[in-house]
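Heads up: the protein sequence lines correspond to chains A and W, in order. 1 is the number of the first residue of the first sequence in our numbering; add one for each residue after it. 557 is the number of the first residue of the second sequence in our numbering; add one for each residue after it.
This list has only true hints and no planted wrong ones.
Here are the simulated DSSO-like cross-link-like pairs (lysine-lysine), alpha carbons at most 30 Å apart as the crow flies:
1) W:Lys623 - A:Lys176
2) A:Lys147 - W:Lys623
3) A:Lys67 - W:Lys623
None of these hints come from the bench; they were simulated from the model. Note that the structure is predicted; figures quoted are calculated from it, not measured.
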Amino acid sequence: MKLNGAEIIIACLKEQGVDTVFGFPGGAVLNIYDALYKHRDSIRHILTSHEQGAAHAADGYARSTGKVGVVFATSGPGATNLVTGLATAYMDSIPVVAITGNVTTQLLGKDSFQEVDISGITMPITKHNYIVKDVAQLAAVIRNAFKIAREGRPGPVLIDIPKDVTASLAEYEAVKIDSYVPSEVAKQSALEKTIKLIGESHKPMLYVGGGVIRSAAQQELAEFIEKIDSPMGVSLMGNGSIDAMHPRFTGMIGMHGTRVSNIAVSNCDLLVVIGARFSDRVVSKASAFAKKARIVHIDVDPAEINKNISTYHHVIGDVKVILGKLNSMITMPMVHGPWMEQIAKWKAEYPVKIAGETRRPSEILKALSRVMPEDAILVTEVGQHQMWAAQFYRHTPGRRFLTSGGLGTMGYGTGAAIGAQVGSRGKRVVNVAGDGSFRMNCNELATISRYRLPVVVLVMNNHTLGMVRQWQTLFYDERYSETTLDTEINWVALAQAYGVKGMRLGIDDDPEAILTAALSLNGPVVIDCEIPLDNKVYPMVAPGASIEDMIEEEIN
Amino acid sequence: MERYTLGILVNNQPGVLSRVVGLFSRRGYNIDSLSVGETEDPKVSRITIVVTGDRPIVEQIEKQVAKLIDVITVVELTLQGSIQCELLLVKVTTSGKTRAAVVELSEIFKAKIMDVTETTLTMQITGNMDKVASFLHLLRPYGITELVRTGMTAMERGSQAMVNHRDED
Chain A
1 MKLNGAEIII ACLKEQGVDT VFGFPGGAVL NIYDALYKHR DSIRHILTSH
51 EQGAAHAADG YARSTGKVGV VFATSGPGAT NLVTGLATAY MDSIPVVAIT
101 GNVTTQLLGK DSFQEVDISG ITMPITKHNY IVKDVAQLAA VIRNAFKIAR
151 EGRPGPVLID IPKDVTASLA EYEAVKIDSY VPSEVAKQSA LEKTIKLIGE
201 SHKPMLYVGG GVIRSAAQQE LAEFIEKIDS PMGVSLMGNG SIDAMHPRFT
251 GMIGMHGTRV SNIAVSNCDL LVVIGARFSD RVVSKASAFA KKARIVHIDV
301 DPAEINKNIS TYHHVIGDVK VILGKLNSMI TMPMVHGPWM EQIAKWKAEY
351 PVKIAGETRR PSEILKALSR VMPEDAILVT EVGQHQMWAA QFYRHTPGRR
401 FLTSGGLGTM GYGTGAAIGA QVGSRGKRVV NVAGDGSFRM NCNELATISR
451 YRLPVVVLVM NNHTLGMVRQ WQTLFYDERY SETTLDTEIN WVALAQAYGV
501 KGMRLGIDDD PEAILTAALS LNGPVVIDCE IPLDNKVYPM VAPGASIEDM
551 IEEEIN
Chain W
557 MERYTLGILV NNQPGVLSRV VGLFSRRGYN IDSLSVGETE DPKVSRITIV
607 VTGDRPIVEQ IEKQVAKLID VITVVELTLQ GSIQCELLLV KVTTSGKTRA
657 AVVELSEIFK AKIMDVTETT LTMQITGNMD KVASFLHLLR PYGITELVRT
707 GMTAMERGSQ AMVNHRDED
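Chain A on its own, in the form it takes in the complex (with noise of 0.2 Å):
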């Protein structure tokens, strides 16, 4: 049958089963947008304040759902605008499709009205992209788009349509969409080899990161370390893979890790790094990484091995087959019981400080931790406050934090709680943030109240921002150039403005109670947190220093 490009576009979301779209309209995908009218009952299109919220969006679905993502936007400023999200997607591996419209072939490369070059400007943030200048290429196009998107390490995809090829007719076959399987088959004496060392190790210690999430490896995770008996770290993205309670967990591994994590790492002898990818703020001072031990690195990415920190040696293909196999093969359970005596007695001695002074942000996220549901989803922005939600909230297995941690994008969490709460109406989302992100993407406020979703926004206020505060007052001597942030702004007027109910949680007042007050509302709140000014983020390994040397709280 013939069908004009944006009804060919509709057609082929549907292939893929998308049920959402994020976006925002725009002269150069008003055909899209017609076709959209049209499919309105088995789409549903999210709009959004700035198509940056739209891209968090799409990337929060995809993260929470393990679906693809997929937003729209219009030529020019409508595309450049998703750059930012689409950077963090990419960065985290996460599957987004980002559709954008663009001026008339005709039109292209001539400085037209809002035209530019996005396929240009998104090459380096996105795993691939197209511009598809014929409309008969248009259905195979999406269909690779979504492939590569979700296979192998995930990442964001943009297909740049000109206004002419949504308008073109062209013959659309609707083809039926395989689910997917992972192809990646890791080779039998890789896994061997990875057994044998295993064997040999007498003090082993892992290192997991969000490839166990993103291919829902948990269950196998947690088979692993009791079948090698080992403990376990993990990486920022890595939270989420294991419950943070269970007795082999040691905390986040790197920069704002547990202490015992990277003594853990420094003193092992096997290193078992599961779907994570060395990132500078896990290895720091790479010199020093695990400097005793043999690396077996495990991921999905080929071009990871090597790359940061040379390995031992190496697994390639989908964590959870790989772990699934390595416990069949494992027959006998090893012991290691004088190593995780020491393991025990490290965590022991040095739990992640909660006395003296970021004691009020850790009463304020455990409390959230008791009030969540176990299937709440938890959201935050960047800064110090998602250092706190990683550290003090208690992580259960599942797609449950949303994080941006590659690019480390402020503004993230809003955009990211409105996609998680689409996704997954549900469940609880609540997006955990600072004073400083908040206000960059606090316009999306609007699409909380349009669409109703009841997200809690918990806005951590210290008047500041927090992070950079913190180096300011550790390595810059207290001059705290451009930090400040003591406009005063009415948060909860402002909630209100947009017809969200604001509330107070005061320094002195019982977070428990609030929080669980807010949540009864099954509405949108935003919660003006306040805490502290000074308060830091403990233990932290100084740039360029090895994770063993620790800068720990002053107690007072």
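Fit chain W to the known structure of chain A by using the hints.
Frame of chain A; chain W shown alone:
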């Protein structure tokens, strides 16, 4: 630091060269030489890139390039295992006194004389890096007015075609 030659087969799509070159620049890899053109299959282009780096860096480059969706295969072409050559056009200042000497040099190096004026001689030479370098070294004293080179291009020796290479890992 050593020189490595990479043969890269890519889909003949608009923008593919910019994807490959962009990857080199944003990851901080230096390109010493680059050449590109269509292959026996018009849907496929072939890029030859010469880079200088340490072994681990070159391995990382290969893996990152191989990840690009439009890249079909990447193969490292060793000096021993491949034929490598490039083409140069060079314009040399000559006078009545020096012309004969330059012509003699061009004969030794099997360079072709493409253009002659009263004051210059323009030659074309093809060859590997060493041959070209020594030719230029010997021409330099006469005065090189202009020089243009295509960049190194390379093909494996033996009966196998690069398209048949399979990733080992």
